[in-house]
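**Student:** First to last, the sequence lines map onto chains A and B.
Heads up: the first sequence at position 83 corresponds to 177 in our numbering, and the numbers run straight through without jumps.
Heads up: the second sequence at position 154 corresponds to 441 in our numbering, and the numbers run straight through without jumps.
Hints in this document: simulated from the structure, not taken from any laboratory.
Note that CB positions come from ideal geometry on N, CA and C, so glycine has one too.
Careful, some of the hints might be misleading.
Said to hold, decoys possible - Footprint (simulated), chain A over chain B, 3 or more residues, beta carbon under 8 Å:
id	segment
1	495-509
2	521-532
3	643-649
4	858-868
To be verified - The calculated label-pair distances, taken between Cβ atoms and stated as ranges, are:
id	chain 1	residue 1	chain 2	residue 2	range
5	B	D916	A	H223	38 to 48 Å
6	A	A179	B	G512	54 to 64 Å
7	A	H152	B	D474	38 to 48 Å
8	B	D324	A	H152	23 to 33 Å
9	B	D923	A	R180	45 to 55 Å
10	B	P874	A	T136	28 to 38 Å
11	A	H223	B	M910	28 to 38 Å
12	B	T940	A	Q139	41 to 51 Å
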Amino acid sequence: MAKASVVLLPIIGLALAASSALALSVGVAPGRMDFTVRPGGTEAQTLNIINQSDQASHFQVYVEGGNEGWFEITPAEFTLNAGEARGVEIAVAPSLFTAAGDRDFDMCIVCLPPEAELRIGAGVKVPTHVQVTEFPIMALGWWIAIAAALLVLIIVIIVRLIARARYG
Amino acid sequence: MAKIFISRLVTLLLISALIVPCLLITPVMAVEPYPYDPGDSVISDALNYLRSQQDSDGKIESFSASAWVVMAIAAAGEDPNDWKDDPADPSIVDYLAANAASATAANAYSKMIMAAVAAGEDPTDFGGRDFVALLEAEHNNNQIGDDTQLNDDFWGVMALIAAGQDPATSTVIQNGVAFILANQSEDGGWSWGVGPEATSDVDDTAAAIMALIAAGQSPSSTAIGDGLDYIKGTQQENGGFDSWGSTNADTNSRGICGITAAGENPTDEDWESGQGNDPVDDLLTFQQEGGDDDGAFYWQDGTPGMSAAGTAAAAIIALLGGYFPIAVLEPEPPEPGVTVDVRVEGEDENIWNDSVTVDQSWITADNSDIEYHLEDPTALGALDEAASEGDFDYETTDEWGSLFVTSIGGEEGEGMAGWMYRVDYISPSVGAADFILDETSPPDPPHSEVLFYYGEWDDIPLKIEVDNAAPDAGDSFTVTVSEYDDAMAEWYLVEDATVYADTDYTTDENGEADITIYNNDTIDVYAEKDGHIRSNPVTVVVGEGSSQQSEGQTVSMTVDILPAISFSVSPDYINFGLLGPRDVSQPVTITLTNEGAWRLAITTDVSDDADNLYVDGLKLGNMKWNDFDGTVSRDDSEEYVVTLTVPETYTLTGNQNGTIIFWASESPY
Numbered sequence: 095m096a097k098a099s100v101v102l103l104p105i106i107g108l109a110l111a112a113s114s115a116l117a118l119s120v121g122v123a124p125g126r127m128d129f130t131v132r133p134g135g136t137e138a139q140t141l142n143i144i145n146q147s148d149q150a151s152h153f154q155v156y157v158e159g160g161n162e163g164w165f166e167i168t169p170a171e172f173t174l175n176a177g178e179a180r181g182v183e184i185a186v187a188p189s190l191f192t193a194a195g196d197r198d199f200d201m202c203i204v205c206l207p208p209e210a211e212l213r214i215g216a217g218v219k220v221p222t223h224v225q226v227t228e229f230p231i232m233a234l235g236w237w238i239a240i241a242a243a244l245l246v247l248i249i250v251i252i253v254r255l256i257a258r259a260r261y262g
Numbered sequence: 288m289a290k291i292f293i294s295r296l297v298t299l300l301l302i303s304a305l306i307v308p309c310l311l312i313t314p315v316m317a318v319e320p321y322p323y324d325p326g327d328s329v330i331s332d333a334l335n336y337l338r339s340q341q342d343s344d345g346k347i348e349s350f351s352a353s354a355w356v357v358m359a360i361a362a363a364g365e366d367p368n369d370w371k372d373d374p375a376d377p378s379i380v381d382y383l384a385a386n387a388a389s390a391t392a393a394n395a396y397s398k399m400i401m402a403a404v405a406a407g408e409d410p411t412d413f414g415g416r417d418f419v420a421l422l423e424a425e426h427n428n429n430q431i432g433d434d435t436q437l438n439d440d441f442w443g444v445m446a447l448i449a450a451g452q453d454p455a456t457s458t459v460i461q462n463g464v465a466f467i468l469a470n471q472s473e474d475g476g477w478s479w480g481v482g483p484e485a486t487s488d489v490d491d492t493a494a495a496i497m498a499l500i501a502a503g504q505s506p507s508s509t510a511i512g513d514g515l516d517y518i519k520g521t522q523q524e525n526g527g528f529d530s531w532g533s534t535n536a537d538t539n540s541r542g543i544c545g546i547t548a549a550g551e552n553p554t555d556e557d558w559e560s561g562q563g564n565d566p567v568d569d570l571l572t573f574q575q576e577g578g579d580d581d582g583a584f585y586w587q588d589g590t591p592g593m594s595a596a597g598t599a600a601a602a603i604i605a606l607l608g609g610y611f612p613i614a615v616l617e618p619e620p621p622e623p624g625v626t627v628d629v630r631v632e633g634e635d636e637n638i639w640n641d642s643v644t645v646d647q648s649w650i651t652a653d654n655s656d657i658e659y660h661l662e663d664p665t666a667l668g669a670l671d672e673a674a675s676e677g678d679f680d681y682e683t684t685d686e687w688g689s690l691f692v693t694s695i696g697g698e699e700g701e702g703m704a705g706w707m708y709r710v711d712y713i714s715p716s717v718g719a720a721d722f723i724l725d726e727t728s729p730p731d732p733p734h735s736e737v738l739f740y741y742g743e744w745d746d747i748p749l750k751i752e753v754d755n756a757a758p759d760a761g762d763s764f765t766v767t768v769s770e771y772d773d774a775m776a777e778w779y780l781v782e783d784a785t786v787y788a789d790t791d792y793t794t795d796e797n798g799e800a801d802i803t804i805y806n807n808d809t810i811d812v813y814a815e816k817d818g819h820i821r822s823n824p825v826t827v828v829v830g831e832g833s834s835q836q837s838e839g840q841t842v843s844m845t846v847d848i849l850p851a852i853s854f855s856v857s858p859d860y861i862n863f864g865l866l867g868p869r870d871v872s873q874p875v876t877i878t879l880t881n882e883g884a885w886r887l888a889i890t891t892d893v894s895d896d897a898d899n900l901y902v903d904g905l906k907l908g909n910m911k912w913n914d915f916d917g918t919v920s921r922d923d924s925e926e927y928v929v930t931l932t933v934p935e936t937y938t939l940t941g942n943q944n945g946t947i948i949f950w951a952s953e954s955p956y
């Protein structure tokens, strides 16, 4: 019978002195975001992030909820010193062919300690609502007008070409 | 031949006569090497021990111990900024600065100030914090920090002096010293706290002595003498000082520092016990030889104590003959010159009324364009400084051999009227360019006000005094108007002067006007009378002061806004120790603190590169991490216990890494 080998797992790390020096802290404002944007348009807002801990921390910002491609986050990763705050620009740009309607996302802000082992991160999820409006009728009419003008121009050119071919 | 032999024998005897007594005397003259030099093994071994304890982040043992160690390093003549675990690592000073936020009370501020100064850093900007201001903000009830404790006063006084504050001018230091003196026990010692329950101890008595000496108390004063007597009274036969029934390294070190601060030598006969032991003898018995703690000082025999690094630091300072504060910033030299109030009363209105500091001046006579260098702080120099600060013009002439003022603010002399000056209401006997402030007499120095005024030769400035400059609304206050007669060298009360307040009043035969204002208001009260110069203004604040802001005035407002969502997690990593399959780790507590404005809902995510070790085995409380659902209210904290279970069939070995993220969002409840 094979002996069960005793395998010890040194899951190492530092002592768990729960001092403030070892705390992570993330603060965000606003606590929720609302965007109203038309297909093909862009709306940008600023999300402020503060490192309220007493040590420098690395932050990542990303979005969850599908259609992540609509969002441009600048910067998406950065380091804040103790007590430091910065604004992150969140730009939402649904494509021209997006159907109107409401979508909900989570803007995720997370800071993680640099160490390995079982590291403990602090994250905030900011509910982010995006209302995609109908394509504005004025803009649609403008596009129709351009298309109609182009169509007329093309017809005129074709008629002239035919006429020139017929009558030399 | 015999002569040569006798001559050599005599020479030998003479040399022997010189050398032998020296050899005999040498053991008698051998003295204890206290104070030790940094190069002595007692000190170098202790320093080496501290070096061996340094972490890669610069810390030695703990935040608190690191501050003491910085002071010990400086006392040993080394630069704490050079103390790094590795040349590329932060120093112990960097560590303190990076963790400056960990100091949250008066004693911690004091320690940070003394450590920063010892390290050559600025205690008003160390780790981004002004520890001097923080400590001064702890001044309350005419003492420092907690008014039930003395300990924070001892160290607070020492820290402020270390920061370069002058005990002669610092109210905080003076109040701290008075509080210390007022709470000396009848036995001559001092306790940690105040009140009848407080009992003296050597550590606090020595700290009190160091604080008082630093503040300028004479070593021969009764307070210091009684304190030293108390310390002496606790001495045991081994030379050390009693602390709860025995001696220990920390108490010995502190006691030695107190003795040294008072100008005494702890190895002198006066500080020997009946068996001839002194406190340094006993302190040295706590130093370790060999092993991992070689060079360390244990708190007691066989017991490292709560802070081996702190104990070693205290022993190093004591054995070097040092005491606190280890280093003191030189007080900033006072600004050269004389500070004096300057008031310029024009014919129709006041032109300037504020204080200036004047040293030497360069003034150009407008008629001749000659520049005069007034090497001393003069009355005219004060006007020149006021004109510079107040952005008003003045002109002088040297037509009559000295500089005289001909116009101020565009007002030129005309007819019998012109510009004159007085110092403290008295007309000096020399011109303004020759009147040296705080030196020339009359009036007797020191001088407080220089008044330049436009008027005729016999016009006399008025002076007003108010018996209550902060009356409640509806309460009466009295304005008294007087004038100084140079010829009689007397003050006289002025009748029929007009006093301007909320409305106009007239003084009676006693020079008084009683005024009652029924609304909260802030008013500049002054007086005028024909043939006199407008008086000084006195600001009267009625009730809570101005309640209605007139047009053009501003009200400053401030508010601190919390982030909507903000929380902290502590600690930021976990060491579950050494585990094997089937093992369940010791529980580890994680604290989540809501630092934002909204109540938080908490969820978790766990990931790992450890074959799902953490994903499958991590629990918060009794539930698996992905079932966890917590809330943390505003200004509140919650503790969650985390355990890790290693599956029986787990196959990986070695360090296994994972991540748990606590996610916060607004709680819907």
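**Student:** Give a verdict on every hint.
**Tutor:** Hint check results:
Here's how the segment 495-509 of chain B fares: 0 of its residues keep a CB closer than 8 Å to some CB of chain A, so the rule of at least three is not met and the hint is violated. Restraint check on the segment 521-532 of chain B versus chain A: 0 residues with Cβ-Cβ distances below 8 Å, three needed, restraint violated. As drawn, the segment 643-649 of chain B meets chain A at 0 residues by the rule of a beta-carbon pair under 8 Å; below three, the given contact is violated. Judged by the Cβ-Cβ criterion of 8 Å, the segment 858-868 of chain B is covered by chain A as claimed, because 11 of its residues qualify and three suffice.
The given range of 38 to 48 Å is broken by D916 of chain B and H223 of chain A, whose C-beta atoms sit roughly 23 Å from each other. For A179 of chain A paired with G512 of chain B, a C-beta distance near 56 Å keeps the hint of 54 to 64 Å intact. Remark: the range hint 38 to 48 Å for H152 of chain A to D474 of chain B is contradicted by a beta-carbon distance near 57 Å. The hinted window of 23 to 33 Å between D324 of chain B and H152 of chain A is violated, with their beta carbons roughly 47 Å apart.
Checked against the hint of 45 to 55 Å, the pair D923 of chain B and R180 of chain A fails, with Cβ atoms roughly 27 Å apart. Judged by the Cβ atoms, the range 28 to 38 Å given for P874 of chain B and T136 of chain A is violated: they are separated by roughly 50 Å. Checked against the hint of 28 to 38 Å, the pair H223 of chain A and M910 of chain B passes, with Cβ atoms roughly 31 Å apart. Between T940 of chain B and Q139 of chain A the Cβ separation comes to about 49 Å, which falls inside the hinted range of 41 to 51 Å.
Hint violations for this structure: numbers 1, 2, 3, 5, 7, 8, 9 and 10, all remaining hints satisfied.
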